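Visitor: Start from chain X and add chains U and V according to the hints.
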Amino acid sequence: MSEWLPPESESPEEAVPTTGPAVGRDEWVAREGERRVSRAGWAGTVEERLRRVPWWAWLMLFVAAGSLMPVFESSGYVRLVGFNTVVYMMLALGLNLVVGWGGLLDLGYIAFFGVGSYVYAIFDSAKFGYHVPSILIIPAATIVGALVGLLVGLPSRRLSGDYLAIVTLFFLELFETVATNGNQIFGHDITGGSFGISTVFPLSFAGHTLAVQHNGIFAVSYYYLAIVMFVIVYVSLFFVNNSRTGRAWRSLREDPLAAEVMGMPVNWLKLTSFATGAGVAALAGTISTALNASVYPLNFSPVVLITLYAMVILGGSGSQPGVVVGAFLVSVLLQVLQDPGQARVLFYLVIVVGVIAAYRVSVRLAIVAASTAVFGIATHAIAASFHHSWVDGAHGGLAGVLANWVVVPERLTPWVGQVAYLLLLVGMLCATQLRGRLRLVTLPPTLYLAAFVWENQMIPNPGPARYIVLGLLLIVLMIVRPNGLLGERRVEIN
Amino acid sequence: MAERLLELDGVSLAFGGLRCVSDLDLHVDEGEIVSVIGPNGAGKTTLFNLITGIYEPDEGDIRLAGESIVGLQPHQITRRGIARTFQTLRLFLNLTVKENVMTAAYGHTKAGIFRSMLRTPGMRREEREISELANQKLAFFGERLMGYRWNQPAYSLSYANRRRLEIARATATNPRLLLLDEPAAGMNPVETHEITELIGKLRTEGGYTILVIEHDMHVVEGISDRVVALDHGTKIAEGTFVEVATNQGVIEAYLGLGTAETK
Amino acid sequence: MQFFIQLSLDGLTIGSVYALVALGYTLIYGVLKLLNFAHGDVFMVGSFIGYGVLQALGGASDPVVPVWLLLVLVTLAAMVGCAVLGVVIERFAYRPLRNAPRIAPLISALGVSFFLSNSMQLEFGAQQFNYASYNLSGGALYFHGFDLDHVHIPLLRIITIGSAFALMVVLWFLVNRTRTGKAMRATSFDREAAAMLGIDIDRVIVFTFILGSALAGAAGVMFALRVPTFAAVGFTTGLKGFTAAVIGGIGSIPGAMVGGILLGCAESYTAGYWTTAWSDLVVFSILIAFMIFRPQGLFGRVDIRKV
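Residue numbers (the working numbering), protein chains in the order written: chain X, -1 to 492; chain U, 142 to 404; chain V, 4 to 310.
Chain X with its partners taken away, still in its complex shape:
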């Protein structure tokens, strides 16, 4: 396609110079720069076709694919993971509203998830004997969540994002404290304390109870209900985003002062953004609690918050499809990291793809691959010659294949692991700084060390390991691709 030709729509005006002076050269350059250049060849065609697919078609495709999951997966565990993923997607949509559109750093978001959960649990459990119908308690919990959000946002409404971050983070901490100590509020038990509330009734509509389990395994009805709620949330938020309120949210993200001067009540808009997000979180909390039949203070720790942020940032904050995909990927990632076999496969896959992406198919790639392999075999041989217990830790599967390469002792002496981890960090940091030959030299030992740490420390401790991965993911994403997978690249002044 010839890019220098003006598009057809404009050609009449272009052809006949209208009144006024001729177009200056600067103006011409500026105009050409404004034109969106589409990619050439078939890639461009595909991209253009895909762009024309309407948003609801994507959503329907996604929902259809999601709905088919229980057909192919009969395992109750997998279905439960699917349910949790859908809840995460809802949460991510709400957080995206606050962070991606409103531009507010809400670090107490999970607390509103907790508010929704607790409202449901308190008014619909055997513990206190209330049994409010679901059709009432779900909207009520959503509204309570939004109101609490309004209250928390109120003191920080005039202040910049930093202060909001502090207040909300503290609110999260406070929420945990209140939930944990809520069994002794002036002698009354309100939240069940650190043991939570574990006798929550399932959802019920018009006298029919929606059983949580069916023949002892997870009831698919909850999965479908979650999908329905997800679609409702997605579509409503999509509509809001393309309304005057949504546009106002996004403009206050861009420039609060200009927004104020253009007639938008910035403080009120911040509050509504904050409260709407909180409402979405509370809504997600109700269904999640109904399924789990219990709620504990620890369900709402900062760990969940970081997970959500990783989802939103990875997918692309500001983009609804982005954060949904992000939620899906991170949720899957957390599951994969829990299973030693899968975690191992994932790790080596990432390493191999990463090195190939860095060096392409080249001589240097071959050098890195070969020297890493040799380095490993040599280290392994040396370790084995000292004592066989030094290399006897790995058995079976991919681990068995790798057992001749990575040193996996039967019992790892703690200080060896600690030193290896520290060295790995140093090696990684060096590898990001060095260029050319020096990097080529440092890379094989670093890669080997990574494998060593992964096999000996990360795999046996999936708990901290998965959050280390998430933490790293956040840092690397912010530096390498702050717009995430599907987010539009944003231009920022200041």
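No lab work stands behind these hints: they were computed from the structure. Please read these numbers as outputs of a predicted model, since none were measured by experiment. All C-beta atoms, glycine included, are put in the ideal place defined by N, C-alpha and C. Honestly, I wouldn't trust all of these hints.
[What the hints assert, rightly or not] Pulled a few chain X residues facing chain V out of the computed Cβ check, cut under 7 angstroms:
#	residue
1	Ala62
2	Leu103
3	Glu171
4	Thr175
5	Ile304
6	Gln455
7	Asn459
8	Tyr465
9	Ile466
10	Gly469
11	Leu470
12	Ile473
13	Met476
Guide: Leaving out everything else, chains U and V in the frame of chain X:
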């Protein structure tokens, strides 16, 4: 005599010990184009910030069509009919060109969050009106902002077009008084000429009263009914362009008595 | 009265720890305008380094060096270690985002915080590490000291509070009386203008991170001399630290000190006269009260909106 649209009455503002504006009287009549000139740091942009409510005056009163607007929030003042552009260009860069204009309709539209979620007929009608309004405001700039650029993010626009878009956005708030902060800054001669014509057109076709800060004397000469010269926050001259341009005090303020300052 | 003195002493001790942490937040915020969420975890790493050095020197009950030297070495090691950590964090997690939108380094900081606390948990487990400071030279640091209205004030407390204040004085001197300090203040006032005046911004920022993190390291040791430390301690202490910084007026050095002490005392009195469970609530209420009535904090300046 035409109606007094904007009146400043003995307005003063100081930051710490620094007096930015002191005892300033200023008025703009309905349908008038008034230019504010003065050397850098004379308090021109501060004046705009006072009128739009970003700063609150220490003393004095600011009235729009006879009603005091001191103490109102900026967005409330905008709803009463004052819109402005910024010298430093403050567009919503990651919103599309059209959305930038549509945002400005916020003040005179109503649909709330729930109606937007449900997309009620009323909300959709309003949305169509906003879209119509944006089309109309953008069309005002003729081919410059026409057609294919409306769905692009605002950051992809050239400098001159960003200035035009800022004006379009300001007019979409349906103002009576338009404050333009250096509309011709950074434009080449051709574009400067265009902007001069445009400001005239804004009055004749748009029906706006305009208060404009401008450094380019050709623009000032071409558009102004009246010129006000500021220096150190006080008014040093007022009158027609010729009167102000030949005023000894103004020349001294610009040339700084012997030091040649070019601007 | 005795009870009150006891509580005040407690409040002062924990308050001086908060103050040191708050100083780090305030310094870094002043120069970079960044809420360094990872600061609490630097503090936690400091307490771990202190523990490691203490064990390497024979532990509290049987040290190979005199007690005073032991305390100095432990503190110094934590300070140096944290300073290095702070510089590394700045170099790799914040510097690439120097010109990114405001939210980017904040999220990166969250990532660092998470990475640090979980790394420590991976390497050392989630259990508590006790300095066992009452074993230091057979409990002498507890028995000695002086009595105030029949309340015994242990030597260790006096040392802790005294050295915290000494560090603050040193910091005040560094910031207000040295060339680098002047450069720091200039940078925090207007980074671009400072750069144009020939101030090496990178150096100033690195120096700030060294100062702030070293203080966090010292605070970590002081904290752990009182109660055992563990991998997740950084989050809550960090939260209290920057609440103290906000109360004092973020960016203000005396503000951070006063804010820290205030917070420590508030916590201690709540715990003593009411219940430990709700001390968070009291601190949160104080924070909210400041947000509403004095958002710039005790010593902060009100910013003029620039257009």
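Visitor: Work down the list of hints and note, for each, if the structure agrees.
Guide: Status of the hints after comparison with the structure:
no., hint, result
1, Ala62, "violated, 33 angstroms"
2, Leu103, "holds, 6 angstroms"
3, Glu171, "holds, 6 angstroms"
4, Thr175, "holds, 4 angstroms"
5, Ile304, "holds, 5 angstroms"
6, Gln455, "holds, 6 angstroms"
7, Asn459, "holds, 5 angstroms"
8, Tyr465, "holds, 4 angstroms"
9, Ile466, "holds, 5 angstroms"
10, Gly469, "holds, 3 angstroms"
11, Leu470, "holds, 6 angstroms"
12, Ile473, "holds, 4 angstroms"
13, Met476, "holds, 4 angstroms"
This entry does not satisfy hint 1, going by the numbered hints stated previously; all others are met.
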